[in-house]
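> In case you want the letters, here they are:
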Amino acid sequence: MKKLSWFVCFSLFAVSCLNEADCYQLNNNAVVIYFKILGGKADLFELYTIQSADAGGPFLVDTAVSYVALPINPKTEETVFTIIGAYADYELPVTYNRQVQFVSEDCGERYVFSNLNVLENNFDSVLLVSTTPAPVPVPSSAKNIEIYRCPRTNLAGITFKEKVLLSDVTVNFPAIIYQPTDSVTTINLPLNPNDTTTTFTFSFGNATKTLKVSYLKEPETLFQECGEQSLISKLYVNVTDLTLVNILNDSIEDLPIKNFEITP
Amino acid sequence: MRSLHNILLLILISFTASAQKEADTAEKKADTVKQKKDFIPTGIRLGTDAFALVKSTYDESFKGWELNADVDFYRYYLAVDYGYWGRTYISEDTDYSNDGTYVRIGADVNFLKKDPDKNMFFVGMRYAASRFSEEMVINQIDEYWGPISTTINNDNVNARWFEVTTGVRVKIWKMIWLGYTARLKFALSTDNTTDMLPSDVPGYGRAETDSYWGFNYQIFVRLPVRKPPSTLLKK
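Chains as they are written, first to last, in numbering that gives the first Met the number 0: chain R, 0 to 263; chain D, 0 to 234.
Don't take each hint at face value.
To be verified - Under 8 Å between C-beta atoms, here's a sample of chain D residues computed to sit facing chain R:
#, residue
1, Gly145
2, Ile151
3, Asp194
4, Ser198
Calculated directly from the structure, the hints in this document are not laboratory data.
Bear in mind the structure is a predicted one, so any value in this text is a computation, not a measurement.
Heads up, the beta-carbon is just placed ideally off N, CA and C, and yes, glycines get one too.
Can you build the whole structure from these sequences, using the hints too?
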C-alpha cells in the first residue's frame with residue numbers, strides 16, 4: 000500500500016508539470032519601420048497607401064505615421080512594399096528567411112522569420128536596425144528599419160481660425176500638395192525654393208482667395224545625400240484678399256510648424 | 000527561471016524519495032551492516048514504460064512504447080532505453096504528424112547501497128539521441144496574403160539532448176519490479192532544417208522548450224545472472 004502511494008504521488012507531480020503551448024505572439028511576421036528625418040528627428044510620414052502587389056488589399060490608407068508595422072508574406076522569402084507617399088512614391092523590397100513550426104492543435108503553426116534584409120530602394124537613406132522581424136502584437140520596443148529622408152526646407156504650416164471646407168488649393172509653381180481631406184484646420188504648403196515669393200490660391204466652395212508671401216532664401220548643404228537646399232526665413236505677407244492673416248512664426252522648420260493663421 | 004524551477008523540483012523529488020525509501024528499508028538495514036564491493040553484475044532488469052502503453056490506447060494522437068534495461072555494477076547501473084513515438088494532430092487548417100525512435104544511455108547511482116533486495120533510489124545522467132521524420136500540411140487563408148496551401152516535410156532529422164534522472168525501483172514480487180523515472184531533459188540540439196523547424200522530438204517533446212520534464216512509470220522483470228554476494232554480515 001505504501002508502495003502504491005508512491006506512484007499516486009508522482010502521478011500528481013507528472014500532471015502538474017505538463018507544458019501547454021502558448022498561442023500568444025506566435026508569428027514574428029511584422030517589419031517595424033520608423034520614419035525619420037536626416038539628422039535623427041522623428042518624421043510624420045504622410046501617405047496615401049502602403050501595399051504589396053501580392054496582398055489582397057492595402058495595409059494603410061490616408062494617414063500620417065511616425066512608424067508602421069507591416070506584415071511580410073509567409074508564402075515567399077521576399078516582400079515588396081509599395082508606399083504611395085504625399086510627396087513621392089517608394090518601393091521597399093525586403094528579403095528574409097522563413098521557417099514554419101507546428102505548435103499545437105489549438106495554436107496551429109507559427110512562422111519564424113529571420114535574416115531580414117533591405118534591397119535596393121529609392122528612399123534617401125535606409126538603416127537596417129534589426130534582422131529579426133517583430134512578433135504580433137508588436138512590442139513597443141520593436142524596430143527593424145529606419146527610413147530617413149532629406150529635410151523639407153520649404154514647407155510652411157498654415158492653420159485656419161476654424162475648420163474650413165477647402166475644395167482646392169494651389170501654388171504658383173510646380174509642386175506637390177498633400178491635402179488629406181476636404182475639411183481642414185491645418186495644411187502644409189510648399190514655398191518656391193527657387194524664388195523669394197510664393198502665391199497660394201485657396202478655394203473655399205465658391206470663393207477663391209489668394210495669399211502671396213515673401214521670404215529670404217539661403218542655399219546650404221545640410222547633408223551630402225540631399226545636395227544643396229534653400230533655407231527659408233523672414234516670412235511675411237506680401238499681398239492677400241483673405242480677411243485676416245497672422246504670422247505666428249517667420250521661419251521654416253521640419254516638421255512644419257504653424258507659420259500663418261488665416262481667417263478666410 | 001523555468002529551468003531553475005525544474006531543477007528545484009527534481010531536487011525536491013529526490014530528497015522526498017530518499018527519505019521515504021530510507022524509512023522503508025530501515026528494518027532491513029538493521030540486519031545489514033556491510034556489503035563487499037562487487038562490481039560483477041548480478042542481473043539484468045528489463046522493463047517497459049507503462050505510461051506510454053496506456054497513453055497509446057486512450058490518446059488517439061499518440062502512439063509509442065519504450066523498453067528499458069539496466070545492469071548493476073555494485074551500486075552503479077548502466078541504463079539503456081529504446082523507444083518509439085509518433086504523434087498525429089489533425090485540425091481544421093493544419094495537420095501534423097511525426098514518428099521516430101530514440102535511445103538513451105547513461106548511468107544511475109543507487110543510494111540504497113545496503114538494501115538486500117537491491118531496491119533503488121537513484122540519481123543518474125543520460126545522453127539521448129533521436130531520429131525522426133515529420134510532416135505538416137497547411138490549408139488556411141491568411142488575413143493579408145490569401146490562401147496558403149503547402150505540405151512541408153522534415154525527413155530523418157537527428158536530435159540529441161541530455162537528461163538528469165531520478166527515481167525508484169522497488170521489488171514488488173519475486174522477479175517483478177515497479178519503478179518510476181523522473182527526467183529533466185535539457186540542451187536539445189537538432190540538425191539544421193530549412194523550411195520547417197522541428198516541433199516534437201520523439202523522446203524529448205516540444206522542441207522549442209529549453210528544458211522539459213519527463214516521467215516514466217515502469218514495470219520490470221529482473222533476470223538474475225548470478226547470486227548476489229553472500230557477504231552480508233549479520234550483526
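> Can you list which hints this structure breaks, lowest number first?
none
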